[in-house]
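S.K.: Sequence:
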Amino acid sequence: MTSPPHGWARAERLDAARMLDALHAETGVRLVLDGPCPGGQVGAAYVRRADRRRSVLKWRPHSRVADMEAGPLTVSRVLRRAGCPVPDTELVAQVGDAVVTVQELLPGTVIDRLDHHGLLQALELNRLQAGRLAGHPDVPAARLFLRQDGPGYCLHEPLRRHNRRSAALERWVAAVGAGHPDRLAGDDAVHMDFHPGNLLASGGSITGVIDWDGAARGDRRFDLVTLRFGIHGGGADPGWRAISTPSSTRSPRTSCGPRGRT
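Numbering (our numbering), first residue to last: -17 to 244.
Any given hint might turn out to be false.
[Said to hold, decoys possible] Pairwise CB distance ranges (calculated): (1) L151 x H6: 41 to 49 Å; (2) A52 x S148: 29 to 37 Å; (3) G17 x H98: 28 to 36 Å; (4) H118 x D70: 17 to 25 Å; (5) L15 x W154: 39 to 47 Å; (6) V74 x P133: 15 to 23 Å; (7) D(-3) x D70: 20 to 28 Å; (8) H118 x H98: 28 to 36 Å; (9) A167 x A52: 12 to 20 Å; (10) A116 x W154: 30 to 38 Å; (11) R34 x W154: 50 to 58 Å; (12) R59 x W154: 32 to 40 Å.
By construction, these hints were calculated from the structure, which means they are not laboratory data. Just so we're clear, the structure is a prediction, and the values are computed from it rather than from any experiment. Ideal Cβ positions, reconstructed from N, Cα and C, are used throughout, including at glycine.
Could you build all of it, start to finish, from the sequences and the hints given here?
M.R.: Right under this line is the structure:
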């Protein structure tokens, strides 16, 4: 991990070769690196097994397997059973202070631009998340980081220092946080990073929703706010970038926006 000039904490990047060696030492499973996956702030890598089957290597630093099982992995399994195209988790291991996972490689490629048909599919997938965790009370609620920094993202100090406008925005975010809970309410499954870069498609149909590592309990409408931010910068056809987020999704609880790493 390389520290930025101001010393702000940043999300650590995956060192795939090192993690594969550590995974082999920990589990005896030998995987061959097949190159980095495109995009992402933390990183993921394509790997091959002895039978040449490809999977995806991911990691979550400063985590424990028990916490991943209680949170994101449970959310993923619940949604897979509900019909959401979530990758299966094939292997989970504790490697030092990080959790390393090997996940199913789903068909399709990342969506460059979300068209009308894709948007309708994304909204339908979001509806599948409603109430899914009502029977899983141990899944933690999503943290919002409105008053303090997240682990490498949702950083407050860069906003304070960038300029007067960003500093005013940070003061507003902190003020909202002071008057609201630190965690989302609700029993919906929440992806927490639901944007076109985490949607796979083939032949005009969404074939996968990836990157559930931060998934938690809460209000699925948070993901719609994240999606709106994701398409605002050009991730959708022009007509759909102009859509307004429904007023029911505009809540102070979601003012942190997407989990963009600052």
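S.K.: Please go over all the hints and tell whether each is borne out by the structure.
M.R.: Results for each hint:
1. L151 x H6: 41 to 49 Å: 46 Å Cβ-Cβ, so the 41 to 49 Å window holds.
2. A52 x S148: 29 to 37 Å: holds, 35 Å
3. G17 x H98: 28 to 36 Å: Given about 33 Å between the Cβ atoms, the range holds.
4. H118 x D70: 17 to 25 Å: The hint (17 to 25 Å, Cβ to Cβ) holds, given that H118 and D70 are roughly 18 Å apart.
5. L15 x W154: 39 to 47 Å: Holds, since L15 and W154 (Cβ atoms, about 44 Å apart) stay within the stated range.
6. V74 x P133: 15 to 23 Å: holds, 19 Å
7. D(-3) x D70: 20 to 28 Å: holds, 24 Å
8. H118 x H98: 28 to 36 Å: Because 34 Å falls inside the window, the suggested range holds.
9. A167 x A52: 12 to 20 Å: Roughly 19 Å apart at Cβ, these two residues keep to the hinted range, so it holds.
10. A116 x W154: 30 to 38 Å: holds, 33 Å
11. R34 x W154: 50 to 58 Å: holds, 53 Å
12. R59 x W154: 32 to 40 Å: holds, 38 Å
No hint from the list above goes unmet by this structure.
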